Amino acid sequence: MAGAVFRHIDPRSPVPLYAQIADRIRIAIATGDLAPGAALPSVRQLASQLRVNPATVVQAYRELEEAAVVESRQGAGTFVRELAPPKREAERQREARRLVRRLLKEAAALGVTREDLDQALKVEMKARST
Amino acid sequence: MNNAIETHDLAYRAGKHFEIAGLGLTVREGSMYGFLGPNGSGKTTTIRLLLGMLRPRRGTISMLGRSVPRDMPEILGETGYVPERPHLYPYLTVSEATRLHAAFYRSFDAAYAADLQRRFGLRADHRISHLSKGEVGKLHVLLALAQRPRLLILDEPTDGLDPVVRRDVLAALVDFCSQGTTTVFISSHLVHELERICDWIGILDEGNLVAELPMAEFKNGIKRLRVVRAPAVVTGAPFVVLSREPSDGEQTWVVRGWEPRMAEWLSTANAELREVVDLDLEEGFVELLRVSRVPAA
Amino acid sequence: MYRQILYVQWCALRLPVVLLGVLAFALPLLTVTYGGGLEGAPPGQVAQWLYAAQQIGQLVPYVAMLAGVLLGIGSWAPDHAGKHVYALSLPVTRARYVWLRFAAGTTLLLVPVTAIGIGALVATVSVRLPSGVHAYPLALTARFLLASFVCYAIFFTIAISTRRAALAVLGGIGGLLLADAVLWGFGVGATVTPTVFMWLTNWPGPLSILIGRWALFDV
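Residue numbers (this note's numbering), protein chains in the order written: chain A, -19 to 110; chain B, 76 to 372; chain C, -12 to 206.
Treat the hints with caution; some may be incorrect.
With a straight-line cut-off of 20 angstroms between C-alpha atoms, the simulated SDA-like cross-links for lysine to any residue are [unchecked claim]:
1) B/294 x A/72
2) C/70 x B/355
3) A/85 x B/193
4) B/294 x A/18
5) C/70 x B/123
6) B/294 x B/256
7) B/208 x C/152
8) A/85 x B/334
9) C/70 x B/160
10) C/70 x B/203
11) B/294 x A/-11
12) B/294 x A/90
13) A/85 x B/294
14) B/208 x B/186
15) A/85 x B/203
16) B/294 x A/13
17) B/294 x A/55
18) B/294 x A/-12
19) B/294 x A/-1
20) B/294 x B/315
21) B/294 x A/52
Label pairs and their calculated CB-CB ranges [to be verified]:
22) A/52 x B/320: 42 to 52 angstroms
23) B/165 x C/35: 50 to 60 angstroms
24) A/105 x B/313: 43 to 53 angstroms
25) A/81 x B/238: 55 to 65 angstroms
26) B/189 x C/186: 56 to 66 angstroms
27) B/352 x A/103: 53 to 63 angstroms
These aren't lab readings, by the way, just hints derived from the structure by calculation.
Predicted, not measured: the structure shown is a model, and the values here were computed from it.
The C-beta atom is built at its ideal place from N, Cα and C for all residues, glycine as well.
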């Protein structure tokens, strides 16, 4: 999984580390960086890569599992879930709201204004569609 | 669940001005405990007391369920120690130092040591006296990890090391910890590193343990409040007021143990809460120290 | 553990041990160069040669003492430099660690001991001795071994003793000298220091091994 996905994990942010990690994974799934059925890095690998407490990664994975975004298979690791099409839309909308809530909270902590966000969103969306 | 480290009423004095008084540490097995404190607060001295290198004036120390200093060899056999200042023999090469260390520890994993040596970029035939500071630091960590200890005690392991070396060391440390249930006791004044990897924190200031609690609780619980029409006397608050300072007709409170629902309490006291500011670990640490040194108003 | 400590000690003390070995090997041979083939030589010449052999023999105890001192103090030098922190962090009792160091130092001490043994044997077989003169290679080697070991043990102990203990020893010596100075003030000659010295160097005093016959060749 690309290291860029997890850059800017900020221990100083009011958002707990496990939530930041879970968010990044959700974003990666939403943008297609992580395909359904793809394997997440092992707890050991990710904790070492991010230099965070392994328990933090475990907590992030557990949260995603409870949200039915990923599933863990005995001995094999954690994988992105393949959702049935009808569920997808509701799940997507819930995810979108969750993402936006977190984004707004982080933005507030960083001093980023709504206008900045709007602008950034437009730029990024445009870049993705090309 | 056992405690990996437990002290009761630990006291020590050196000279006229340095004293550790009645220290009571509790480090749970399997946790990554960050021992935080400004320079000169007694972190290294505490570690030396734990390892039986200094004799306390009074108090008890128990490590891995055994008593210090009576069972010291057994305890040390399962404890990896990374000192503040390097203590390996400088005339040995990396591989000679590794072999010497391996001879003393039953659980030493030579294959893991070789792997770490490669990962850290250390050359086997380099003399320790010719290694850079960062390489010496890495070697100490290598030897401690290769012991596969139950308890790891690190005294300012990344102090004075450049960022790249620090990352390598922390990554190796986290990697090791993910493999099992090693307890890690890491002392540092580099707050941000502790913030990432520790799940418990103990704050030492001038020989006193000022706070000891889960990291998440500490980080989430310390806030700065802007309060208007603050009551003259604060009694029965559900949180702990660490300090109150007036500014421009309102007061700035630094509190501990804050939860959002506590805003209600303020309104029952007829005060108004203007703002709640999150403090990161460093700010919380600074506030806590400032407050513990001067009694709150 | 012992093997590694021995190796580490060897790494630290390679140079002095080798130099001592060379010195110890050379001294008996030096005795011989002063006159091999003295069979049938006039008594005066033999007597001269024996005298020279004795002179050289007098150097041997100094080499033994030097070996003892260097290895006694050198065994602890690396630990001293690091303030003993590494040793204290190892999972052995302090007694065990001291014993490991002591054993390793003693093993290294065998290098000059063996060297003088070999040198003495070589010197003995390379010379045709006149009647009445005998060679004592084994006695010399044994004496060297004991003398160097006693010095080694003493200086090893000094090297690991705490400052307090070292001061106590120095204070003791100072006390002896002071006692004699006081006696001298009363018009009595020095009696305390010489008495203690006699006690130490005469059998069964610990340093008695240093006084005696050190010549390889003698009547």
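Compare the distance between the alpha carbons of residue 85 of chain A and residue 203 of chain B with 20 angstroms, and conclude whether the hinted pair is satisfied. At roughly 50 angstroms apart (the allowed maximum being 20 angstroms), residue 203 of chain B and residue 85 of chain A break the hint.
Compare the distance between the alpha carbons of residue 85 of chain A and residue 294 of chain B with 20 angstroms, and conclude whether the hinted pair is satisfied. 17 angstroms, holds
Residue 294 of chain B and residue 18 of chain A: Cα distance at most 20 angstroms? 34 angstroms, violated
With the threshold set at 20 angstroms, check whether the alpha-carbon distance from residue 294 of chain B to residue -11 of chain A stays at or below it. Between residue 294 of chain B and residue -11 of chain A the Cα gap is close to 16 angstroms, so the pair holds against 20 angstroms.
Hinted pair residue 294 of chain B and residue 90 of chain A, Cα distance within 20 angstroms: 17 angstroms, holds
Can the restraint linking residue 294 of chain B and residue 256 of chain B be considered satisfied, given a maximum Cα separation of 20 angstroms? 24 angstroms, violated
Within a Cα-Cα threshold of 20 angstroms, do residue 294 of chain B and residue -1 of chain A meet the stated pairing? Answer holds: residue 294 of chain B to residue -1 of chain A is near 14 angstroms, not above 20 angstroms.
Tell me if the beta carbons of residue 165 of chain B and residue 35 of chain C are separated by a distance inside 50 to 60 angstroms. 52 angstroms, holds
Pair hint residue 294 of chain B and residue 72 of chain A, alpha-carbon separation not exceeding 20 angstroms: This hinted pair is violated, its Cα atoms lying about 31 angstroms apart.
Is the straight-line distance between the alpha-carbon of residue 85 of chain A and that of residue 334 of chain B 20 angstroms or less? Roughly 17 angstroms between the alpha carbons, so the hint for residue 85 of chain A and residue 334 of chain B holds.
Residue 294 of chain B paired with residue 13 of chain A [C-alpha distance capped at 20 angstroms]: 32 angstroms, violated
Does the Cβ distance between residue 105 of chain A and residue 313 of chain B fall inside 43 to 53 angstroms? 45 angstroms, holds
Hints 1, 2, 3, 4, 6, 7, 14, 15, 16, 17, 21, 25 and 27 from the list above are not met by this structure, while the remaining hints are.
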